[in-house]
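Trainee: So the sequence lines, in the order shown, correspond to chains U and H. Following this note's numbering, the numbering of the first sequence begins with 1 at its first residue and continues without gaps. Following this note's numbering, the numbering of the second sequence begins with 1 at its first residue and continues without gaps.
Since the hints were made in silico from the structure, they are not lab data. Where hints are given, some of them may not hold.
[Stated by the list, open to error] Under the rule of at most 25 Å between Cα atoms (straight-line distance), these lysine to aspartate or glutamate pairs were calculated in the DMTMM-like manner: (1) K75(H) - D338(U); (2) K181(H) - E141(U); (3) K193(H) - E376(U); (4) K473(U) - E91(H); (5) K300(H) - D359(H); (6) K190(H) - D338(U).
[To be verified] Covered by chain H, per the in silico footprint, the following chain U stretches (three or more residues, Cβ under 8 Å): (7) 200-213; (8) 233-246.
[What the hints assert, rightly or not] Some chain H residues flagged as far from chain U (calculated, every beta-carbon gap over 10 Å): (9) S72; (10) S86; (11) T185; (12) K189; (13) G206.
Backbone N, C-alpha and C fix where the C-beta goes; we use that ideal spot for every residue, glycine too.
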Amino acid sequence: MQSAFSLSFSQSSLTLPNRPLCSPNAAPRNLRFCGLRREAFGFSPPKQLNSCRFQVKNRRIEVSAAAGGNGAPSNKSFDYDLVIIGAGVGGHGAALHAVEKGLKTAIIEGDVVGGTCVNRGCVPSKALLAVSGRMRELQNEHHMKSFGLQVSAAGYDRQGVADHASNLATKIRNNLTNSMKALGVDILTGFGSVLGPQKVKYGKDNVITAKDIIIATGSVPFVPKGIEVDGKTVITSDHALKLESVPDWIAIVGSGYIGLEFSDVYTALGSEVTFIEALDQLMPGFDPEISKLAQRVLINPRKIDYHTGVFASKITPAKDGRPVMIELIDAKTKEHKDTLEVDAALIATGRAPFTNGLGLENINVATQRGFIPVDERMRVIDGNGKLVPNLYCIGDANGKLMLAHAASAQGISVVEQVTGRDHVLNHLSIPAACFTHPEISMVGLTEPQAREKAEKEGFKVSIAKTSFKANTKALAENEGEGLAKMIYRPDNGEILGVHIFGLHAADLIHEASNAIALGTRIQDIKLAVHAHPTLSEVVDELFKAAKVESPASTTPQSVKAAV
Amino acid sequence: MALSSSSFLSTPSLPNSKSTISFASSVSPAPIPSLRRVVFRSHRREMTVRSKIREIFMPALSSTMTEGKIVSWLKTEGEKLAKGQSVVVVESDKADMDVETFYDGYLAAIVVGEGETAPVGAAIGLLAETEAEIEEAKSKAASKSSSAAVAPSPPPPATSSPAPAISQPAPVAAGSDGPRKTVATPYAKKLAKQHKVDIGSVAGTGPFGRITASDVEAAAGIAPSVAPPPPPPPAAPTATTAKATTTSSPPLLPDSSVVPFTAMQSAVSKNMIESLSVPTFRVGYPVNTDALDALYEKVKPKGVTMTALLAKAAGMALAQHPVVNASCKDGKSFTYNSNINVAVAVAINGGLITPVLQDADKLDLYLLSQKWKELVGKARSKQLQPHEYNSGTFTLSNLGMFGVDRFDAILPPGQGAIMAVGASKPTVVADKDGFFSVKNKMMVNVTADHRIVYGADLAAFLQTFAKIVENPDSLTL
C-alpha cells in the first residue's frame, strides 16, 4: 500500500528536487527494515503534513541547513561531503540521513540501486512468502474448516508467482531511486573503488574527492568449494527468487534464515525438501527453545527431512539424465556418510562480503575472510591496527550483523558522527526476523548467551514466557501455535533478549527492540497500555509476567492524570 | 488409580500459579526443578519382576491442568531414549510442552495415541530399560489399553488391501544400470514411518526410480492423499431436530446401514468418477470361436488359460493397431506406449483388481499363462506390487464365464481402450450361400477414448482381433 502510494506522488516531488522535505526523518535512530519506511513516508503528503506539524519547532534550523546544504559541499576543497560506495539499503539509509544533515552527498552503484535486499533478498522473498502463506492456508483443510470455510483445491501459476516477486522488486527499486533523486543525492553509475585518502574512482576513470567515504558494498551468496552452481538445478537464493522452476524435491544446504524461508516457500508450492546442516542442530543461531518449537511446527509436519552434522562436500548439477548428486561427509570426521539424489539443490550457506576490487590495498587495509575490519563506530581499521581517517564501512561488508536494517542503522550512525555527534550503535537492540509461517523474530541475547553473560558479570537472569494460545486475537485467527519468551534481569528490570515464534512475530518484536534501544525497563513499560484484543498483548503479557525487584522508576503521565 | 508413589509427582508442577496465562518462572543459576519431565513410577505389580518397565504418566504442566492431550509422540515405539530427551508433546490448557524423560531406555509402548486425551497421572506410555524388555512392556500395554477406558488405543493402521483397482500407468522409470540404493523422498519416508511400511520393500515408481509418497500410500493400501476430501460432516448437533434435517441427502430407510468405503473401494470410486471426463464410444463385434475353443482344448493340459489366450490375441492385434494401445492424458497429445501391457480385470474378495500381463504381444502363450497364474495368486494374497497392477495400457474384462452374452465396460482413466468379452454361445448363422449352420460366437465390445481412437480404428482393430481368434494358430507361435 505504502509503496503504491509513494509511487504515484513521486513525479510531483521530482519537480522540486531541492525542496527540503518535512519528512519524519527527524527520528534517525529508527531502525527501519530495508529503509522502506522513510522513502514511503517522504512522498505521501498527508503524512508529511502530520510530521511537519509535529516537529516544526525543533526542525527549523535543520531545514534551512538542508536547503543550502545539498547544493555545494561545506568544504570547498572537496567535490562532496560524503560519498557512499554501494546503493543498497545501507547506502540508501546513509544518503538520506546525510542530506537531512546538510551534507552534499553522492552514491556510487555499479549494479542496480537497491542492492541485495531489494533486488535479490528480503524484498522479493517476501513476495514469495506472501504467496506461500496463502497457499498454506488454503491447502490446510482443517484450518479452513475450523473457520467454517469451504475452499476447493487451491492451485497456483508459477509464472504469476514469479512475476509478483519481480514486480515488487522493481517497484521498491524505483521508489528507492526516486527518493534519492528527489532529495538531490547524486547517483553515480559504475563500480567504485578507493584511490587513496578521501579519493574515490567510479566507472572507467571518473575521480571524485570527498571529505568522508562510506563503503557499503554488501555481500553475495557464499558457495562452499566442491559445489557447482549451474543456476538451473544447483542454485543460490539469487536464482531461487526468480522461481524459474518448482522442483519435486529440493535439497537446501543450510538451515538459517534463508534456508528456512525457502523451505516455507517450496513446501507450500508442492516441493519436498531435504535440509543439509553442518551443525548438529537445525536452525542454529536461534534461541534453543524457539528452534525446538519451530522445528516442531515448521519442519516435522511438513514434507521435509534433514541431515545434520554433515557437509555437502560435492554437489553436481543434473545432467546426462542423472539427478543432482550430493555427497555428504561427516562435519567432524570428514568421512563419507551418504549420497543424495535430488531434483535441485539450493545453496543457503550464508553470504560472503563483496569487497574485491575496492582498492583497499591503496590505503593499506587487509580484509579478514573478505570482511573489512571496523571499530564500533564503523571506522575502517588498516593492516597496522590503526584507524583510517574519513573512511567507514557499513553493512554486510563489515560482517558485524548481516541484516539490511542493521546496515541502514550503521549508515545513520556514521552520518551522525561525521556531522559532529558521537554515536555508537547498540547492535543488541537490532531485531531480526525470519518470515516463515508463522514467523520467528528476536532481539538481544539468546538464553544461553544471557546465562553466560550473567555468570561472568554476576547477575541473575529470569525468563518470562507466554503462549499465543493465551492470546484472543491469535485464537480468533486460529493461529494459537506460538511462544514468546523474554530474558531479563530480575534485579533492575533490564530486557536482555526477546524471542517470538508465532503469528506476525516479525511485527511484534519492535516493542521489545525499542525498549532495549531506549533503555526502557520492564517495570516501566509494563504499565503501558495495549489495545485489546491485539497480538501486541503477547508482548504485554511478557512484560506483565516478569518479576522485577525494583519499583517503577517514574510515574507515567497517564497515571498522574488519572489521579 | 492410586498414586502410590506420589513423590515422583511432586517435581513436575510449575512453580508459578498466579498468572493465569503465562508461566513466568524465575530460572536463576541454580538448576531448576524440571518444568516438564515425564512422571515415572516403577512398575511393581508383581514382586518378582526384575525388569524395570516404567510407566510414563501424563504430567501436570500447570496448577490448573486436569487432563492433557497428546499432540505428538516425538519418538516411535522401540526407539532408544536418553535422559533429558523430549519424548512426547503434551497440550495442556495453556500451552504445548515437550515432555522429557528422566531415564535412559527404550520407548516400549505408546498407550495413549496422538490426538487423544488422558487425565493427569494416567499412564500414556511405557519405558523399558533394555531392548529385551520391550516385548514384555508391549504385552502389558496391550492389556492396559484394553482395560483403560480413558485411553483407547488407536485402531491398527490398515495395511491390508494392497491396491487401488484400476490405476494410472506408472511413469516409466528412467533406465538405471546396476543395483542402486533405495532413494525415497522426505514425505515418502515420513509416510512409511507413520504407516509402519518397510521402505525397503516398496517399489519406487518416481523419477530415477525413487520411492514417492504415492508408492508408500499404495504399499500401505491407503487412498492417495490427493483424493477428494470427504464431504463436510453434518453440522454439530443442533438444538432442534428440524434444523438438523435440512441436509440434502434423503433420510435412510429404517434398519439400513452405512458402510464406509474400504481403501480399494475409494480408489475404484475415484477412478470411476474420473472416467466421466473422457468422451468414449463403443463398438461391438461377433467373433467365431470354434477354432479357438479347439485350440483351448489342446493347450489346456499344458496350463494355458482362456485369459492368456485372449490377452495374447488382444496383444497381437494391438501390435498392429498402436493407436488403440495409445493413451491421452492431457487432452492435447497422444502417447504411443512402448509396451503392450494388457491389464485383466479380476474380481477378488470385496473388490476388483487389474493385474497386468506385460508385453502380452511378445511373451509366448505358456509364459503368459504362467505369469497370469502367478499374478492371480499374488492378487488374492494382496501381494501385488504397484507396477503389477497399474502399468496396463489396455484392459480386458471377461464376464463370459457367468453366461453374460454381452456387456459394456467403463474405460479406465489413462488408457485408450477396454475390451468387454461375453460368453461364447452356439449360434445359428446363415452363410452367403444361404446354408444354415451352428457356430460358437462370442460378442466382443470395445470402449475407447474418442479423442484419440476413432470408429474406423476400432473397427479395424476388432477385425484383426477376430481374424487372430478365428485362425488361432498364430497364438501358439
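Trainee: Now, for every hint given, state plainly whether the structure supports it.
Mentor: Now for the hints, and whether the structure bears them out:
1. For the hint linking K75(H) to D338(U), the alpha-carbon distance of about 24 Å falls within 25 Å, and the restraint holds.
2. Distance hint between K181(H) and E141(U) is unfulfilled; the C-alpha atoms sit about 36 Å from each other, more than 25 Å.
3. Between K193(H) and E376(U) the CA atoms are separated by roughly 52 Å; this puts the pair beyond 25 Å, and the hint is violated.
4. With a C-alpha separation of about 20 Å, the suggested pairing of K473(U) with E91(H) holds against the 25 Å cut-off.
5. The hinted pair formed by K300(H) and D359(H) meets the criterion: a straight-line CA distance of about 22 Å does not exceed 25 Å.
6. Pair hint K190(H) plus D338(U) holds up; C-alpha atoms about 19 Å apart against a cutoff of 25 Å.
7. Note: the region 200-213 of chain U has 0 residues with beta-carbon separation from chain H under 8 Å; the three-residue rule is not met and the coverage is violated.
8. Closer than 8 Å: that is the beta-carbon criterion, and the region 233-246 of chain U has 0 residues meeting it against chain H, so the requirement of 3 is violated.
9. Not every beta carbon of chain U lies more than 10 Å from that of S72(H), the smallest distance being close to 8 Å; the non-interface claim is violated.
10. Its closest Cβ contact with chain U, about 7 Å, brings S86(H) to no more than 10 Å, contrary to its assignment away from the interface.
11. For T185(H), the shortest C-beta to C-beta distance to chain U comes to about 5 Å, within the 10 Å cut-off, and the non-interface label is violated.
12. The beta carbon of K189(H) is not kept farther than 10 Å from every beta carbon of chain U, the shortest such distance being approximately 6 Å.
13. Residue-level check failed: G206(H) sits 8 Å from the nearest beta carbon of chain U, not beyond 10 Å.
The structure fails hints 2, 3, 7, 8, 9, 10, 11, 12, 13 (numbered hints given earlier, in ascending order).
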